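Chemist: Numbering (full-length UniProt numbering), first residue to last: 1 to 182.
Treat the hints with care, as some may be off.
Stated by the list, open to error - The list that follows gives simulated cross-link-like pairs (lysine to aspartate or glutamate, EDC-like), each with its CA atoms no further than 20 Å apart:
id: 1; residue 1: Lys85; residue 2: Asp30
id: 2; residue 1: Lys85; residue 2: Glu101
id: 3; residue 1: Lys21; residue 2: Asp145
id: 4; residue 1: Lys54; residue 2: Asp108
id: 5; residue 1: Lys91; residue 2: Glu31
id: 6; residue 1: Lys91; residue 2: Glu51
id: 7; residue 1: Lys85; residue 2: Glu3
id: 8; residue 1: Lys53; residue 2: Glu80
id: 9; residue 1: Lys21; residue 2: Glu162
id: 10; residue 1: Lys54; residue 2: Asp30
id: 11; residue 1: Lys21; residue 2: Glu169
id: 12; residue 1: Lys85; residue 2: Asp10
id: 13; residue 1: Lys91; residue 2: Glu13
id: 14; residue 1: Lys53; residue 2: Asp10
id: 15; residue 1: Lys85; residue 2: Asp57
id: 16; residue 1: Lys53; residue 2: Asp30
id: 17; residue 1: Lys85; residue 2: Asp108
id: 18; residue 1: Lys85; residue 2: Asp130
id: 19; residue 1: Lys150; residue 2: Asp130
id: 20; residue 1: Lys85; residue 2: Glu151
id: 21; residue 1: Lys150; residue 2: Glu162
id: 22; residue 1: Lys21; residue 2: Asp10
id: 23; residue 1: Lys150; residue 2: Glu169
id: 24; residue 1: Lys54; residue 2: Glu13
id: 25; residue 1: Lys21; residue 2: Glu151
id: 26; residue 1: Lys91; residue 2: Asp145
Read the hints as simulated data drawn from the structure, not as lab findings.
Remember, predicted model here, so these are calculated numbers, not experimental data.
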Amino acid sequence: MLELALHILDIAENSIRAGAKLIRILIREDETRDLFLMRITDNGHGMSPEEQKKALDPFYTTKKVRRIGMGLPLLSDAAERTGGKMILRSKPGVGTVISAEFGLSHIDRQPMGDIPSVLIAIIVGNPGSDLIYRHEVQGRIYLLDTRNIKEALEDVPLNHPEVVNFLREHIMEGLSDIGAAA
């Protein structure tokens, strides 16, 4: 994976497969501390300590389509290449938290990528789950919460073409307003 947005998509898909009904994504860009933080929290089934160890093994996966699970090992490597680290915390029956810290200005930090398309894919592809996306840049905040959007739309589904277009524009404008990294 060459973009951080694709790591987010991979982790969110794993969260959905683990039964998560709420996924929280936090992105924090802090120039003062030269820190780029990415944290994804879910309320899925969670993992035992043994399952957590396996999740960090590139030759283990729970997916039936392929026999290797490179997502978390690649994310960990990407963070470490910038002087950062990745931490996996999980508890059965509670959920999982994956945090990755990167050197914000490090030359090897992967670009953010197309986060609007990734968020749309997560939202539209998983109508039974909710997403809270929070992106912070030097104290400026963009927040997207599908629970609020669903409430405002009442019976209009999030995958309605006009809603999808609105969401894409809202996300792009919100990220632009706070000066989020590309």
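Chemist: Tell me, which hint numbers fail for this structure?
Modeler: 4, 5, 9, 10, 11, 16, 18, 20 and 26
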